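Just so you know, the protein sequences line up as chains A and B, in that order.
Residue numbers for the first sequence follow our numbering, so the first one is 11 and each next one is one higher.
Residue numbers for the second sequence follow our numbering, so the first one is 5 and each next one is one higher.
Hints were generated in silico from the structure; no laboratory data involved.
Computed from a prediction, not measured in an experiment: that's the story for all the values here.
Glycine included, every Cβ here is placed at the ideal spot set by N, Cα and C.
Worth double-checking, as some hints may not be accurate.
Quick list of in silico lysine-lysine cross-link-like pairs, DSS-like style, CA-CA up to 30 Å [as the list claims (entries may be wrong)]:
1) 403/A - 231/B
2) 16/B - 82/B
3) 402/A - 82/B
4) 402/A - 91/B
5) 402/A - 92/B
6) 402/A - 105/B
7) 147/B - 403/A
8) 18/A - 92/B
9) 403/A - 6/B
10) 147/B - 18/A
11) 105/B - 18/A
12) 28/A - 147/B
13) 402/A - 78/B
14) 185/A - 141/A
15) 82/B - 18/A
16) 403/A - 105/B
17) 8/B - 403/A
18) 16/B - 18/A
19) 201/A - 56/A
20) 141/A - 56/A
Stretch-level coverage of chain B by chain A, calculated; a stretch enters the list once three of its residues show a Cβ under 8 Å from a Cβ in chain A [unchecked claim]:
21) 54-64
22) 94-102
23) 110-117
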Amino acid sequence: MNFTNLFKIAFRALINNKMRAFLTMLGIIIGVASVITMIAIGQGSKVSIQKQISEMGSNIIMIHPGGDMRGGMRRDPSEMQTLKLTDYQALRDECVFVSAISPNVTSSGQLIAGNNNYPSSFTGVGIDYLKIRQLTVESGEMFTEADIQSSAKVCVIGKTIVDNLFPDGGDPIGKVIRFNKVPFRVIGVLKSKGYNSMGMDQDDIVLAPYSTVMKRLLAVQHLQGIFASALTEGMTDNATDEISTILRRTHKLTADEEDDFTIRSQQELSNMLNTTTDMLTMLLACIAGISLIVGGIGIMNIMYVSVTERTREIGLRMSVGARGIDILSQFLIESILISITGGLIGVMLGCGASIAVKFIANWPIYIQPWSIILSFGVCTFTGVFFGWYPAKKAAALDPIDAIRYE
Amino acid sequence: MKSKVIELIDIKRNFIVGDETVHALRGISFSIEEGEFVTIMGSSGSGKSTLLNTLGCLDTPTSGEYLLDGVAVKSMSKPQRARLRNKKIGFVFQNYNLLPKTTAIENVELPLMYNPEVGAAERRQRAIDALIAVGLGDRLEHKSNQMSGGQMQRVAIARALVNNPSVILADEATGNLDTRTSFEILVLFQQLHSEGRTIIFVTHNPEIALYSSRNIRLRDGHVVEDKVNPNVLSAAKALAELPKTDDD
Ligand SMILES: Nc1ncnc2c1ncn2[C@@H]1O[C@H](COP(=O)(O)OP(=O)(O)O)[C@@H](O)[C@H]1O
Ligand SMILES: [Mg+2]
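This is chain A alone, in the form it adopts within the complex (with noise of 0.2 Å):
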């Protein structure tokens, strides 16, 4: 049969009932808006948890005491004490694979200048610790090599810092601010990185040698940990199993011993937090796939209704020669002229409340091309599966018990 004619016949019937094919439409609209959306929300979310990771610094890599933690079982506080200065000074001279290395101490409480104080933390790192996190000093330096052998009572800090203990504006360095009751001399302020994605502000920081949080401020030989950068992205992997093998080799493990050290990397945790957004994401659109399979279903009922109250102009057609397979095509192509017009206001409709959540309610937004592509597909889909029945019920129907219909 000719189809040009079929399609102009299909169309022509909807146009002449325009409210009903957009209120049939509606449920095609909204199910494939709100797979977009959500979809786009859902991938928003994890496009901005993978700029949280990368903004902890490049390629890091971290290392904790004690054995893997999945297992949630309560532990051992010696377990916690496993990483020691040794082990980081074997690490920074063995590992090639690792392009920068600094252990971590942290030690929390006042810090006073003058008449302000402020609550806040002194980390003790290595001078690499600037590079591994991406920090840059602004003015005075980063304290030395000769401040950590001598454990020099030197800090450099944060914007934010500087803001709530010298509020007056003066120049910080060479400024004495007081960490319970043990003066530090500021050496330097950091460039100001403003707060991450995850609303934490990274101004709110002290920086002092290690040797000074270990000896002076907290009194213990243990690492809280060590963080490294590996050479490039592609290696992390192998520096994580260089450092694994190092740190065992180091606390003398056997080989039917586990890592009483966990190793987690940027990558790992990538990884991780991808599978969780993905899933969610998934959630997500299979909450709006469900809108779009009701929407299918309003597509079946409307056409089912309008096969019944169409029964005579069915009859009519048959009667100046429709053939059952014309019937058919008409109204296959009127229930995915539908979904496909639903489709394609749906995709622009997406579009807009994912943009307009973006800038209203200030959340990432991703418009996954990938999305559009599927809705699309599944509403096409839709309009042949849920207007196959109607269709072929009315194709079924007998000329003249048709024609005769009240």
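Chain B with the ligands: place on chain A using the hints.
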């Protein structure tokens, strides 16, 4: 000698309703030649519509043989019968059966939409020609709800003409119209007849029989009378003699 357009041989049509069998047609045989204007009369329930539906290939007889232009319809498949309706038959119904919210021209184009051999331009031209032939040349773009009953029936007749059928079948085509409009439609049928078309006109109104060339009367599924009308009246003359009403 003129060719036989329609030949019926002992046509029977039974309907099963519940446990009962309704014998709508009980063995009907006659033939109709090209160019005849036949009225089929009979009281309500005598089987006129059933007979016409059979002639129009909308219904299949329970038994008997029906030849349309010499072709046996019984052996045909459903799609084949649809093609036959499309090419050889023009149907006019009592209640017009126009597509709602659709212009006259689109209504008339309808049969040609299902004929892949006719292109869009030709289809439109033929629809216009048919509308002109029924006197609606100035109402081409009027929608079905913007027309009077008589005009709607004219559109329906134009639609029955447009595929140039072998036979035009009309079932109570004037049944819903007032006397004057009925005569106008009759004039149109007589005119089509004079142009050589074969027409079968079903009616329960005996008066209409006077304007056709042959009368067949049905009763209870049987043909009880089949006679040639020697003295065909002119519907145009009757129309002219109708008393004029003021509200025209
Ligand atoms: N689809 C049908 N099912 C059952 N009985 C029918 C059907 N169509 C017609 N009949 C019966 O057949 C007989 C003839 O009907 P019909 O041809 O419509 O008569 P007419 O058109 O002369 O009034 C009637 O008794 C009617 O009840
Ligand atoms: Mg009848």
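Status of the hints after comparison with the structure:
no., hint, verdict
1, 403/A - 231/B, "44 Å, violated"
2, 16/B - 82/B, "19 Å, holds"
3, 402/A - 82/B, "15 Å, holds"
4, 402/A - 91/B, "25 Å, holds"
5, 402/A - 92/B, "27 Å, holds"
6, 402/A - 105/B, "25 Å, holds"
7, 147/B - 403/A, "29 Å, holds"
8, 18/A - 92/B, "24 Å, holds"
9, 403/A - 6/B, "43 Å, violated"
10, 147/B - 18/A, "18 Å, holds"
11, 105/B - 18/A, "15 Å, holds"
12, 28/A - 147/B, "17 Å, holds"
13, 402/A - 78/B, "25 Å, holds"
14, 185/A - 141/A, "25 Å, holds"
15, 82/B - 18/A, "24 Å, holds"
16, 403/A - 105/B, "24 Å, holds"
17, 8/B - 403/A, "38 Å, violated"
18, 16/B - 18/A, "40 Å, violated"
19, 201/A - 56/A, "28 Å, holds"
20, 141/A - 56/A, "26 Å, holds"
21, 54-64, "holds (count 4)"
22, 94-102, "holds (count 3)"
23, 110-117, "holds (count 4)"
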